[in-house]
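Peer 1: These protein sequences, in sequence, are chains A and B. Going left to right, the first sequence walks through residues 1 to 152 as the numbering used here numbers them. Going left to right, the second sequence walks through residues 1 to 152 as the numbering used here numbers them.
Be a bit skeptical, because a hint or two may be false.
Just so you know, same-sequence chains aren't split out, so a pair can sit in one copy or run between any two.
To be verified - Here are the computed lysine to aspartate or glutamate pairs in the EDC-like style, where the Cα-Cα straight-line distance is at most 20 angstroms:
1. Lys63 / Asp29
2. Lys103 / Asp43
3. Lys103 / Glu41
4. Lys107 / Glu97
5. Lys103 / Glu60
6. Lys107 / Glu41
7. Lys63 / Asp43
8. Lys107 / Asp73
9. Lys107 / Asp43
10. Lys107 / Asp29
In short, the hints are calculated from the structure, not lab data.
Chain residues, written in single-letter form:
Number of protein chains: 2
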Amino acid sequence: MTINEIAENDCRMILGRGSLGRLGCALNDQPYIVPIYFAYEPDFFYVLSTVGQKIHWMRENPKVCIQVDEIEDQSRWASVIANGTYEELPEPADSPERTHARKLLEKQHHWWLNAIAERRAKVDDLLIDPIFFRIHIDSMTGLRASGATAES
Amino acid sequence: MTINEIAENDCRMILGRGSLGRLGCALNDQPYIVPIYFAYEPDFFYVLSTVGQKIHWMRENPKVCIQVDEIEDQSRWASVIANGTYEELPEPADSPERTHARKLLEKQHHWWLNAIAERRAKVDDLLIDPIFFRIHIDSMTGLRASGATAES
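One chain only, chain A, in its complex shape (with noise of 0.2 angstroms):
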């Protein structure tokens, strides 16, 4: 096996492929990761949250990464970091930024619209409206592992 950096349109091919990432954060350099399920368009990821830890530190601190990877096994696998910064997709629900927002993740995540609709009833607390935001991506690397017999 040998791990090798990748290039930057091999990690947009994996971002583009994807559709669960984990989100890191950080307030007073302690850092914080969530998984997330996210809608990517080149230079930004879109995601929706209900108000928790992450977005009051996000709020705190924009600088933000995204990890994505592909895992086949224990010898293949692809890893995609993406450092970027924290927007908040403004009110009011029907702005033109929540509204491309809402259509991307829809193609994909009806059932977490969902989750965030029961979630809502249960605790009957209007501090839990789901939040759009996006990350812009700054940067990003990659890293690929392959076995002996397919080096990359």
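Fit chain B to the given chain A structure using the hints.
Peer 2: Chain B alone, transformed into the frame defined by chain A:
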């Protein structure tokens, strides 16, 4: 689907079944995530790594987190986040701590030792000697999403 917090004991069971997680570290409030294979014992994750960005960052700032999930499908998953402290396991290679870490990791991860050997041979650079480290778990929390018919 509903999303609920899970008890610490459930978190520990998920960590005990797992071997793949995502390690988060941060420097100057920029987060960074890498996938890692680990061996878990109560209160510690043991990890084998080559020297690279994550090691440099954790030496500067030992506050890290490890996120581990079990994703069955989009409405049935669990995610655990453990906050912890980076501790590099000391030289020499046959110190009790490193021997313990190596034994735990070798049970699961022969492939990874091979990967490091290959990489070392390839770039012919002593700086990529393997590093053993562990993360002391300071706190952990978890969430579980359940389908509508199987609320936890």
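Peer 1: If a hint holds in the structure, say so; if it does not, say that too.
Peer 2: Each hint, compared with the structure:
no.	hint	in the structure
1	Lys63 / Asp29	both (11 angstroms within a copy, 7 angstroms between copies)
2	Lys103 / Asp43	within (17 angstroms within a copy, 43 angstroms between copies)
3	Lys103 / Glu41	within (12 angstroms within a copy, 44 angstroms between copies)
4	Lys107 / Glu97	within (16 angstroms within a copy, 50 angstroms between copies)
5	Lys103 / Glu60	neither (28 angstroms within a copy, 42 angstroms between copies)
6	Lys107 / Glu41	within (13 angstroms within a copy, 41 angstroms between copies)
7	Lys63 / Asp43	within (15 angstroms within a copy, 29 angstroms between copies)
8	Lys107 / Asp73	between (29 angstroms within a copy, 17 angstroms between copies)
9	Lys107 / Asp43	within (19 angstroms within a copy, 41 angstroms between copies)
10	Lys107 / Asp29	neither (35 angstroms within a copy, 33 angstroms between copies)
When held up to the earlier numbered hints, the structure conflicts with 5, 10 and fits the remainder.
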